[in-house]
Amino acid sequence: MEISPENPQENQLGAGVKEEDLLKAVTASGYPLQSVAVDSIASKFVPDQRSLLVQEEWSYIDEDTGEFRNLDAYIDHEYDHIGQDYIRPHLTMLVECKQSELPFVFFLRQAPCGDFPRLIGMPHQELGIRFADDATTDAPITIGMRLSHALGLSGMPFSLEPPRAIAMSKAVRKSGKIELTGEETFRGIALPLMKAFKHFSRVCQPKPKHCYYDVRAVFPVAVVRAPMIGVHVIDGEPKMTALPWVRVVRVEPSTERLGSGYSELYAMDVVHQAYLSTYTEKAQEACQEIFRRMELISIPVITGIAMLAEDREGSGGLPYESLRPHVTDEEFTVWMRKKLRAAHG
Numbered sequence: 001m002e003i004s005p006e007n008p009q010e011n012q013l014g015a016g017v018k019e020e021d022l023l024k025a026v027t028a029s030g031y032p033l034q035s036v037a038v039d040s041i042a043s044k045f046v047p048d049q050r051s052l053l054v055q056e057e058w059s060y061i062d063e064d065t066g067e068f069r070n071l072d073a074y075i076d077h078e079y080d081h082i083g084q085d086y087i088r089p090h091l092t093m094l095v096e097c098k099q100s101e102l103p104f105v106f107f108l109r110q111a112p113c114g115d116f117p118r119l120i121g122m123p124h125q126e127l128g129i130r131f132a133d134d135a136t137t138d139a140p141i142t143i144g145m146r147l148s149h150a151l152g153l154s155g156m157p158f159s160l161e162p163p164r165a166i167a168m169s170k171a172v173r174k175s176g177k178i179e180l181t182g183e184e185t186f187r188g189i190a191l192p193l194m195k196a197f198k199h200f201s202r203v204c205q206p207k208p209k210h211c212y213y214d215v216r217a218v219f220p221v222a223v224v225r226a227p228m229i230g231v232h233v234i235d236g237e238p239k240m241t242a243l244p245w246v247r248v249v250r251v252e253p254s255t256e257r258l259g260s261g262y263s264e265l266y267a268m269d270v271v272h273q274a275y276l277s278t279y280t281e282k283a284q285e286a287c288q289e290i291f292r293r294m295e296l297i298s299i300p301v302i303t304g305i306a307m308l309a310e311d312r313e314g315s316g317g318l319p320y321e322s323l324r325p326h327v328t329d330e331e332f333t334v335w336m337r338k339k340l341r342a343a344h345g
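So the sequence shown is numbered by my numbering: it starts at 1 and just counts up by one.
Where hints are given, some of them may not hold.
Claimed, not checked - Dumping the calculated DSSO-like pairs for lysine-lysine here, alpha-carbon to alpha-carbon at most 27 Å:
(1) K209 with K24
(2) K207 with K24
(3) K209 with K198
(4) K209 with K44
(5) K174 with K24
(6) K282 with K198
(7) K282 with K339
(8) K207 with K44
(9) K195 with K207
(10) K195 with K282
(11) K239 with K174
(12) K282 with K44
(13) K177 with K24
Unchecked claim - Label-pair distances were calculated between CB atoms; the ranges are:
(14) V172 with E6: 29 to 35 Å
(15) L53 with P244: 25 to 31 Å
(16) P157 with Q55: 28 to 34 Å
(17) S100 with P5: 25 to 31 Å
(18) S100 with D62: 21 to 27 Å
Keep in mind that the hints were calculated from the coordinates and are not lab data. Being a predicted model, the structure only gives us computed values, none of them experimental. Think of the CB as a built atom: it goes at the ideal place given N, C-alpha and C, for glycine as much as any other residue.
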């Protein structure tokens, strides 16, 4: 152990505390993994450090208890603004780290994972789509479309690439045998990430008077230093595969009808520490493509209304490619100026 030149004589390990034992305790605590993970992610944003915010031991409010909790890290990178500078795009990672000598086990299925990454901070989660031939009517027909669907998130490579798991367990030793427990992974990984995301989503929701929008693509990520084993069943027999990246899906009850039922899908990515650098690059590529698409429909993203282009038939493209603003650029500028004046009284 190094000794600082400023260290007073009284500041030293007491009797019975060995340096090697203390070092083992530090290593087992998981904090070194947290430092390695944060540094690995942050290193991918080196050219744009001025736009990078890293906060370790990030605090959030538990929605069930009202108590403050800590997540291992919050990492946010801001991209160039779009939509006449009214939209400020961000890549945000909520990170929890775990290490173990025994493996984490993932039960793989072809399950839907909802939106991933999750987009928050927009004034509208849904666009009202109008038909071009209704433009002159007083009561145009409007069809709702989720912004994530309009952007084609579910078909992007980042959404399709990782195996999906409906459950995650951790191997433990018990009476000389290896057993699996899901309780530890749920309370130690899934629950903190889910609650942290819900808190973050609430505080990032823009107020009606807001004119500038910090739109964030949020990645809840568990970084593990442990074997990651995926299990899928073929002809009734479990087959195991070592995997560096798994998307774990959890279904939560909802008070609103979403899609085919009263439930909402939450997903988190579990990434092996040795694969984290590659994962971060993939997340960056996904974000850049998401915000490139968003820029093309930035006015509808802000107004919440889009026109379906007349020449859409047979295009076979993604929804955002057929959407147009319901106002001209000049009309939008005038509208935003009025909103700014009203906001500042």
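Quick rundown of the hints versus the structure:
Of the supplied pair hints, the one linking K209 and K24 is violated, its CA atoms being roughly 53 Å apart against a limit of 27 Å. Annotation: proposed proximity of K207 to K24 is violated, straight-line Cα distance about 49 Å (limit 27 Å). Proximity of K209 to K198 is assessed by CA-CA distance (about 22 Å); at most 27 Å being required, the pair is judged to hold. A distance of roughly 35 Å separates the Cα atoms of K209 and K44; the hinted pair therefore is violated under the 27 Å criterion.
For the hint pairing K174 with K24, the CA-to-CA distance comes to about 23 Å; that is within 27 Å, so the pair holds. For the proposed pair K282 and K198, the alpha carbon gap of about 24 Å is at most 27 Å, so the pair holds. Restraint check for K282 and K339: the C-alpha separation of about 37 Å exceeds 27 Å, so the hint is violated. Only pairs whose Cα atoms come within 27 Å are accepted, and K207 paired with K44 is rejected, the gap being roughly 33 Å.
With a CA separation close to 22 Å, the supplied pair K195 and K207 stays within the 27 Å bound. With a C-alpha separation of about 25 Å, the suggested pair K195 and K282 falls inside the 27 Å cut-off, and the hint holds. Between K239 and K174 the alpha-carbon distance is near 23 Å, which keeps this suggested pair within the 27 Å criterion. For the given pair, K282 sits about 11 Å from K44 by alpha-carbon distance, which is consistent with the 27 Å threshold.
With a C-alpha separation of about 25 Å, the suggested pair K177 and K24 falls inside the 27 Å cut-off, and the hint holds. Distance hint for V172 and E6: a CB-CB separation of about 44 Å, inconsistent with the stated range 29 to 35 Å. Hint check: L53 to P244, Cβ distance near 27 Å, so the stated range 25 to 31 Å holds. Checked against the given bound of 28 to 34 Å, the beta carbons of P157 and Q55, roughly 29 Å apart, stay inside it.
Taking 25 to 31 Å as the suggested C-beta distance range, the pair S100 and P5 does not conform, at roughly 38 Å. A hinted range of 21 to 27 Å holds for the C-beta pair S100 and D62, which are about 25 Å apart.
This entry does not satisfy hints 1, 2, 4, 7, 8, 14 and 17, going by the numbered hints stated previously.
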